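**Student:** Chains as they are written, first to last, in my numbering: chain A, 1152 to 1586; chain B, 1152 to 1586.
Read the hints as simulated data drawn from the structure, not as lab findings. Small disclaimer: the values here were computed from a predicted structure and weren't measured. Among the hints, a few may not be true.
Which copy is meant is left open, because identical chains are indistinguishable; a pair holds if it fits in one copy or across any two.
Claimed, not checked - The calculated lysine-lysine pairs, modelled on DSSO-like cross-linking and capped at a C-alpha distance of 27 Å, are:
1. Lys1297 x Lys1567
2. Lys1384 x Lys1537
3. Lys1297 x Lys1155
4. Lys1307 x Lys1409
2 protein chains.
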Amino acid sequence: MANKMKQINIGLLGAGTVGGGVILVLNQNRDLITERVGAEIQIKKVLARHPEKVRALDASLPTTDKIEDIVNDPDISIVVELMGREHPALEYMEAALRGGKNVVTANKDVVATHGKELFELAAAHHVDFLFEAAVAGGIPIIRPLKESLAANRISKIMGIINGTTNYMLTKMTQEHMDFAEVLKEAQDKGYAESDPTADVGGFDAARKIAILASIAFNSRVGLDDVYVEGIDKISSRDIEYADELGYVIKLLGIAKQKEGKGVSARVHPTMLRKDHPLATVNDVFNAVYVEGQPVGEAMFFGRGAGRMPTASAVCGDIIESTRNILAGCTGRVGCTCYEAKPMLPPEEIISPCYIRMLVEDQPGVWATIASAFGENKVSLKTVVQKRSLGTLAEIVVITYGVSEFALRKAADALSKLAVVARICNIIRVEDSTLE
Amino acid sequence: MANKMKQINIGLLGAGTVGGGVILVLNQNRDLITERVGAEIQIKKVLARHPEKVRALDASLPTTDKIEDIVNDPDISIVVELMGREHPALEYMEAALRGGKNVVTANKDVVATHGKELFELAAAHHVDFLFEAAVAGGIPIIRPLKESLAANRISKIMGIINGTTNYMLTKMTQEHMDFAEVLKEAQDKGYAESDPTADVGGFDAARKIAILASIAFNSRVGLDDVYVEGIDKISSRDIEYADELGYVIKLLGIAKQKEGKGVSARVHPTMLRKDHPLATVNDVFNAVYVEGQPVGEAMFFGRGAGRMPTASAVCGDIIESTRNILAGCTGRVGCTCYEAKPMLPPEEIISPCYIRMLVEDQPGVWATIASAFGENKVSLKTVVQKRSLGTLAEIVVITYGVSEFALRKAADALSKLAVVARICNIIRVEDSTLE
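Isolated chain A (complex conformation) (with noise of 0.2 Å):
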């Protein structure tokens, strides 16, 4: 090169899983990047607990423990924080604002958390903010909705946003695995954690149902305000009983918003119909669905998790910093969220449901059902027999859009009935023939 390049230099926090994907990255794809960026984009230092680590990918990265040497550091432009949890990565990320630096990011803790206070920061130094990795690792979905679909007002974002339940329920449905023997060769595989809590739990797919929330509604939307339900209580039976009946079971992060009534947000198990595009999408890879208007229908599929995907979204933030950079425009986009919506409470979400119940197997128990439905208000499309099980008999019930209000005083009139033994499973149904 004869001309003289212009050079941006990083401060990366953090070389574990991600973090060395950024080094391995930047280097294996450097001659590319620099002539798409039009500049060198250099790791100038990274802070890091096993300097081992680093010079294990490239010896050639200086190392530091203390953070006041990135983040002191007029040199660097940008910070990238790849530390993970939500402490010390919210000071470290405020302190690089503070000091006038761009930050990319993939923590969906903090962003789910803090994404405000650090939003402000940014603005108020005139920085970027960057966190297309913190939701479905190497989707490209955070800019789409800010930026390609901002004409849009978007009345429905919806995902399977954590790859660890959806290897396991694909995994359920495909091989009839039973939910014990699934999780563990998912542990064994290195897709579940030891303490798959978060994952299994719905915990990690609402941070991140939040922050798509927040940015499809511009209105923020907190972790508090999601609605939370594991997998753990789906089993084999219910997922055959969904296949017969043209469904699929997936988690998914749900929100909605509709004009007048508020946000709703919430992350289940559901089933879905299989000729819905997310129906499909299997194993550990995410998808993002978007129902807006102008666009109508729109889907964003790809890996949401591991090292490379979730580095290709911490690159392309780089990318996008160091564009803005040189352009002198850094911050061009920044909070969306200028309104405060109202969210509305869980009992008012309104969803048709699957009901699937142990009865006594005898003439008029089908009456006494269908009653205690219709009298909590509760409309039926379909109520089959499964299976006899000596005096009881196994029924499935699905029901037109109900809310949740309706749906628990229904289960609890029916649960006191002498002939229902026992109410075994109630997965929400998103089918939009049923609402």
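Given chain A's structure and the hints, the job is docking chain B onto it.
**Tutor:** Same frame as chain A, now just chain B:
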């Protein structure tokens, strides 16, 4: 609003289907767009052949029949070209760029053919030249490729990028309809034009894959570089046999890059494994699938045409340019074709193939046919006899990866064999397990 809000003025060229959609979206979502952008976006003048159509959508919009009224108006910052066709759209955009105006277009003909000149003009005048709507309608794909995925070395980009043919193939697959029958239905529904050549012949898709390949591989791929084959030879019999073998038939645009071997781009009916993410993209929906490092696989799905989805993409670009104007960084991301990579000649493109043929139904025929393939270095994966037709048998052959050159030689040799009555169809197969 107490503060005086900035106003960004647009000149709109064309108020047909998409232009009308843009007028509707900017009006219907005005509140939300103004808040998200921090400025009011106002159509100042519309170049329209039928001013009454503009008035029917918005009586307050001034119209003109002189391009000078728009490109010479110093208050207009963004010119939005939605006239379609090559001329005079090209000349109008050139005039706008020369006048220092940002340009947004949905015109795939002009972008595929004159992208280079237009980008050079935009760069010389430090303005934006944006064309998200030129490929795959409402689906965000151009900006995600240039920005979100900018750190990726892309090896393959492949898409269902023509809604008409996807609708037709879906109908043929699901309802076992014939090509002629389904074409008529598509024409009756307004999905296909009275002269359907551009869609059915693959030429519309060719323009789009040329644009996508140019961006993905940073090297300009022209229309003449794309090998094109339409869907008119696909019979319901081929679709049925594909199904039995685990495939669906889709019209795909496929562009690949092999390091050191150049770039290839083609449009043809393709047999795709049923578990591929593109395989379940049906009806008029479009999707673009990308493979690259580090992202792995990603797919973008949505409506590829129609007034409102296309207006979504156009308005997204208008918002992008408005934000650039406000931040003083128009032209921030320009042309990324910084290389001139060689094109792989079509004869050297390697792909597995499906061959359906009629042969004499007698002993020893399979050996004769297998020898003809072998002598021409074509390896076979599967040979199946499908039907008996008097003295003839219909057989289907699936090959491993074979160059177009070797395939043509083999087909030539086969058709000269006395035992081969006819080669009925040859369809390329996209299946990484056979490459």
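**Student:** When Cα atoms must be at most 27 Å apart, do Lys1307 and Lys1409 count as within-copy, between-copy, both, or neither?
**Tutor:** Classified as within; 9 Å inside a copy, 40 Å across copies.
**Student:** Using 27 Å as the alpha carbon limit, work out where Lys1297 and Lys1155 are close: within a copy, between copies, both or neither.
**Tutor:** For Lys1297 and Lys1155, the Cα distance is within 27 Å only across copies (24 Å; inside one copy 34 Å).
**Student:** Please work out whether the CA atoms of Lys1384 and Lys1537 approach to 27 Å or closer within one copy, between two copies, in both situations, or in neither?
**Tutor:** within (19 Å within a copy, 47 Å between copies)
**Student:** Go through the copies and call it for Lys1297 and Lys1567: within, between, both or neither, with a Cα cutoff of 27 Å.
**Tutor:** neither (49 Å within a copy, 60 Å between copies)
Of the numbered hints given earlier, the model fails hint 1 alone.
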